[in-house]
Amino acid sequence: MDIKAVRDAFPILHQEVNGHPLVYLDSSATSQKPVQVIEKLDEYYRGYNSNVHRGVHTLGTRATDEYEGAREKVRRFIHAASTQEIIFTRGTTTAINTVAVSYGRASLSQGDEIVITPMEHHSNIIPWQQLAKATGATLKYMPLQSDGTILLEEAEKTITENTKIVAIAHVSNVLGTINPVKEIAAIAHRNGAVMLVDGAQGAPHLKVDVQELDCDFYAFSGHKMCGPTGIGVLYGKRSLLNEMEPVEFGGEMIDFVNLYDSTWKELPWKFEGGTPIIAGAVGLGAAIDFLNEVGLHEIAEHEHKLVEYAQQQMKTVEGLTIYGPDKRAGLVTFNLADVHPHDLATVLDAEGIAVRAGHHCAQPLMKWLEVSATARASFYLYNTEEDIDRLVQGLQTTKEYFGDVF
Amino acid sequence: MSFNNLDTLYRQVIMDHYKNPRNRGTVEGDHLTVDMNNPTCGDRIQLQLQVNEGVVEDAKFDGEGCSISMSSASMMTQAIKGQKIEDAVKMSHMFSELMLGNEVDDDSIDLGDIEALQGVAKFPARIKCATLAWKAMEKGVDDEQED
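Those protein sequence lines, which keep their order, are chains G and E. Numbers in this note's numbering are just positions in the first sequence, counted from 1, shifted up by 530. Numbers in this note's numbering are just positions in the second sequence, counted from 1, shifted up by 164.
With a straight-line Cα cutoff of 25 angstroms, these simulated BS3-like cross-link-like pairs (lysine-lysine) come out: (1) 897/G - 183/E; (2) 183/E - 929/G; (3) 254/E - 292/E; (4) 767/G - 737/G; (5) 292/E - 897/G; (6) 835/G - 737/G; (7) 183/E - 292/E; (8) 929/G - 286/E; (9) 183/E - 299/E; (10) 712/G - 670/G; (11) 687/G - 663/G; (12) 299/E - 248/E.
Worth flagging that the hints you see were computed from the coordinates, not collected in a lab.
Construct the entire structure; sequences and hints are all you get.
So, in structure tokens, the structure goes:
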């Protein structure tokens, strides 16, 4: 991977923040966008902005081709069998909510169980809490090991014949744990449950093959993988999606409308009510092209090297606690002695280094870790070992700055 | 390396309140309790006020958060103790002005240590930390007056 060429593609990286060259270490929150994506959005709005699936005019046809072309790119990206299984949503959250509401309310009743873990993002907790309340089903948590990993034996114990839905993050946005979702999907299926994978932190970093994972649903967001905000994907097995009712009614999802009854379009449009996020989908298509061009394998290898280096270097900082397993995805969550993570993040920001501080939309996990908040440095293809050196230097500076206080 | 900019935020007096918080704990006797949190960052505060005939006789807080939110709570409880409710609310409004970076020129009220927090105005991301305790106080007063 030519790191210089990669970095050159991201104009935002080449600026100073508070008098220092920017070090962006918050890609788990949202990734930066390469010129290829920015220019694609520009091209759409300047060149062929038009609604899809309606007009017979030239611009409308072009927009439809680009929009459906992006769907095919997504299909290949996650190795789905058919574009009918690729539903464009606003993001991971909408995708998970769609499954909870559409599949969940129709399929669950009292006595049924939904299984998740304490490491889930709020977006993969609350829809299931709401579903449990609405149907009388029970929400169960699969226990975590002390290093924040899942033991398959525990999955075997927690998932029972009463389980109807298992919903687990592919990668934890706090711990960096890469979960054995393929093995858990197999356990879910043996018990007659469906498996949803929250791929928000998976799709941008790992090779995803939904057929190999044999998950029933896979949800992810465009903006965490170099695409625009406001676009995401719900993958679902065709047989399940065919059985499911739409959640939003109106616009693109309509087939025939009579006075008192209507019918829906076929998949995937059945789930895409209203005017879809056309620019977002087109931009996501460009992001996928970009990632493929750099090479998914190369990106994964680069991130792996970075996170190994980061762990190694950060361990030299006295008073630093790192949360999560040694073997992890490209992020490090930590606390520095008694310095509150917000204060830490402010000092780092003064040094031009952007990290996340807070509960990371994972309050149950914070409770599990017995902390109120943490700081997180997350990496992507455009980060370098120099970025990590700057972070480590920033941590030393923070200690010096607050040294006589704590 | 210069920390001039940071030093406007982390004044000595702020760090002193963080390290040695005043009025941390619980109020004895009759009091009202307000729980407030900042959902975006997880800071939380429990504020207890003892109000008698329109005067804040005691104020204590508990909670967890960054140096700015906790020192602000410490300073606020110190400032409003012994004040009339309306003066406490007036202080809160003055504090909001400070956070917007505006000059406050009301000689009738002495903000004391609190003025040390005016540097927060230059750190927009941290303003919510500084105002948490004050919002809790205003909510407590509102609830009290509704009863």
